[in-house]
Amino acid sequence: MAALTRIQRDTLAYVLIVLASVVLLVWVIPAYTPAYPGYGASPALVPNVAATIMLIMTILSIVRTMVAVRKGIELLAEDSTFPEEGEGTGFTQAGRLDIPHLIRFIVPSVLFVIGINTVGYIPSALGFMLLLQFLVGSRNPVRILVLSVVAVAFMYAAMRYGFGVPIPGY
Amino acid sequence: MEMILAGLMDSLSPVSLIYVFVGVAVGVAIGAIPGINGPMAIALFIPLTYYMSPLAAIGFLVGLNKGAFFGGAISAVLLRTPGTPEAAATTWDGYPLTDQGKGEKALRMALYSSVSGDFISTAVLVLIAAPLATVALYMGPPEMFALISLALTVIAGIGTKSISRGLVAASAGLLAGMIGTEPVTALPRLTFDIYQLESGLSLIPVAIGLLAFSEILIQLERLKFGVGDNEGARRFSDKPEDKFVTLKEFFANTKTLLRASAIGIGVGAMPGLGAPVASFLSYDQAQKRSKKPEEFGKGRLEGIAASEAANSAVVGASLIPLFVLGIPGNLAVAMLMGAFMIHGMMPGPLLFQENSQLMYGIFGSLMIASFFLLIIGRFGLKLFCKAVQIPSVVLYPLVIFTCIMGAYLGQSSMFDVMVMLVFGVIGYFMRKFDFSYVAFLIGFILVPEWERALQQVVIISQFDTFMFFRRPVAMLLMALTFFVVIRTFLAGVRKKD
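These protein sequence lines map, in sequence, to chains D and X.
Take 1 as the starting number for the first sequence in the working numbering and just add one per residue.
Take 1 as the starting number for the second sequence in the working numbering and just add one per residue.
Extracted from the complex, chain D is given alone in its bound form (with noise of 0.2 Å):
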């Protein structure tokens, strides 16, 4: 995805928490709260209090960056990768959302999950330790083997001989 200027990042962001807050205090909130017992406060009070902040804040902030714009206030676009990287600290976050790169990595998380109740722990999580170096870049066949294996083994009888944590081997 290509990087968004700030304000059509605010604008996603509040237009999202909106219909969030919207469908929790709608849908949400009410068909999945035990009724009111009769003594103490509601069950629903804390969860309605939390989702109406929500939806309170984000408005305002919508009302707050739309007279922005009206005023011709210039929020910065963030067109470097990494704009705010020359503050010095080095501890801003990316101006751009880049999904692929997420889905990457998630999806082999998640068969790493699936593959431990199919077929066991060893060879999806070898699988898993081979395909995460590759795809962090490693190219070095040794490397990446030996580290697979190590990583792997070690885990292994951490998890199974020195916590007694029930895991499926193969």
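Fair warning: there could be bad hints in the mix.
What the hints assert, rightly or not - What follows is a list of derived Cβ distance ranges for each label pair: (1) X:Ser199 - D:Ala158: 23 to 31 Å; (2) D:Gly164 - X:Gly344: 15 to 23 Å; (3) X:Gly297 - D:Arg70: 40 to 48 Å; (4) X:Ala6 - D:Pro100: 53 to 61 Å; (5) D:Pro100 - X:Leu383: 37 to 45 Å; (6) D:Pro123 - X:Arg378: 41 to 49 Å; (7) D:Phe154 - X:Pro240: 18 to 26 Å.
If you are wondering where the hints come from, they were derived from the structure by calculation, not from laboratory data.
Note that the Cβ used here is the ideal one computed from N, Cα and C, for glycine as well.
Take the given structure of chain D and dock chain X to it, following the hints.
Just chain X now, with coordinates in the frame of chain D:
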């Protein structure tokens, strides 16, 4: 007195000593790696503490946190890349010294300053926490409710660039924390009829996902664009005057160390501010009061002393609000609070009454951790310098693998791993859209206590909304909460204008 001695003896038991030692050593190594910080390390290692005694667990995690604070200085000095955010100010004088071949000297100064700040702060914690907790016992449910509201607001306001975003994040954390069994009716709430959610979301997968997994996703993205890969460490000079800090050099910075420690303690005791604020403030003060301010930024030991003593002093002081009021002031302490809860204890003033021996044992472990930090740093410095050279392509897959197995370890549950992955994605988007995951996590941790206090207020007062007006402390705290919201919001509007 008997309890104090028994607690201190517990902290000197071999098992406890080993765990504290290992915690400090691992913490220094982890803190040295850019991109991995103390709270993230605590999140990754909390699952291991299931298998430890409460004292060993807390001692291990506190050691880990203390070690990580110093470890952050290693990459700050050697690579000009702070291993942890609070070490950023250390780069300003540390790296120029490395450029001059005096990297070892800079690291030693960072170590001694870190230990000094940490020791002073721990001493203050030990001296004042128990008496303050006795006073805090007089606080009832209205005061607790108001205090947690204030803490959430302050953390939401300071931990992010705008209070509205902070409050949105904190509210989302509250909602996530309310998933599970509702305390009054004992019926499931917000569970979407998923039976695994009836016991609520476990802290471990949520914390690992938000803190560690999402951070690694971001770091990997940086790596993709060629930013943030670790370079090799610089060579050190062999001349003794470039390697060691003499007693004269150390004591020449006594005033700076004391002032930095005081700043660190003050900042640490207040929720929301955090160690980076302490180190920047202390560095600024040291420069203003120095006889040679023009030498700051060019490799002055005083600058390193100011930054490191202040950020390390935050560690002990930030435990004061946790032990006295049950309020975590920053992320690392929030994670420690989670560890207390995992071991069946609720941090707060009652902790000293119900677990006094354990509390004094923890105080003992805190002091011992300072001593171990000195020993480990003194003799293992060169070894830890190697940690900054671990290639990212080796490190990140290992961290992702550890995240997944760590989430599984807590309850041997694949559902928890999925929860971790979901919160990893949520954390990724929160970072991208600039919403505070700190406020989210603290809201998540504090909501059971907040709701319990609210229920007690409602039941005791029988829906009398004027109850707060009859409790001056509660009223003051609520007024402060509204003041913080309005002031921060207006400040944001003025800034935009």
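Using the Cβ atoms, figure out if Ser199 (chain X) sits within 23 to 31 Å of Ala158 (chain D). holds (26 Å)
With 18 to 26 Å as the target window, see if Phe154 (chain D) and Pro240 (chain X) comply at their CB atoms. Violated - the Cβ-Cβ distance for Phe154 (chain D) and Pro240 (chain X), about 40 Å, lies outside 18 to 26 Å.
Take a look at whether the Cβ-Cβ distance between Pro123 (chain D) and Arg378 (chain X) falls inside 41 to 49 Å. Given a distance of about 45 Å, which is inside 41 to 49 Å, the answer is holds.
For the pair Gly164 (chain D) and Gly344 (chain X), does the Cβ-Cβ distance stay inside 15 to 23 Å? holds (20 Å)
CB of Pro100 (chain D) to CB of Leu383 (chain X), is that within 37 to 45 Å? holds (39 Å)
Outcome for the supplied range 53 to 61 Å, where the beta carbon pair is Ala6 (chain X) and Pro100 (chain D): holds (58 Å)
Look at the Cβ atoms of Gly297 (chain X) and Arg70 (chain D) and judge whether their distance stays inside 40 to 48 Å. holds (42 Å)
Comparing the model with each earlier hint shows a violation of hint 7 alone; every other hint is respected.
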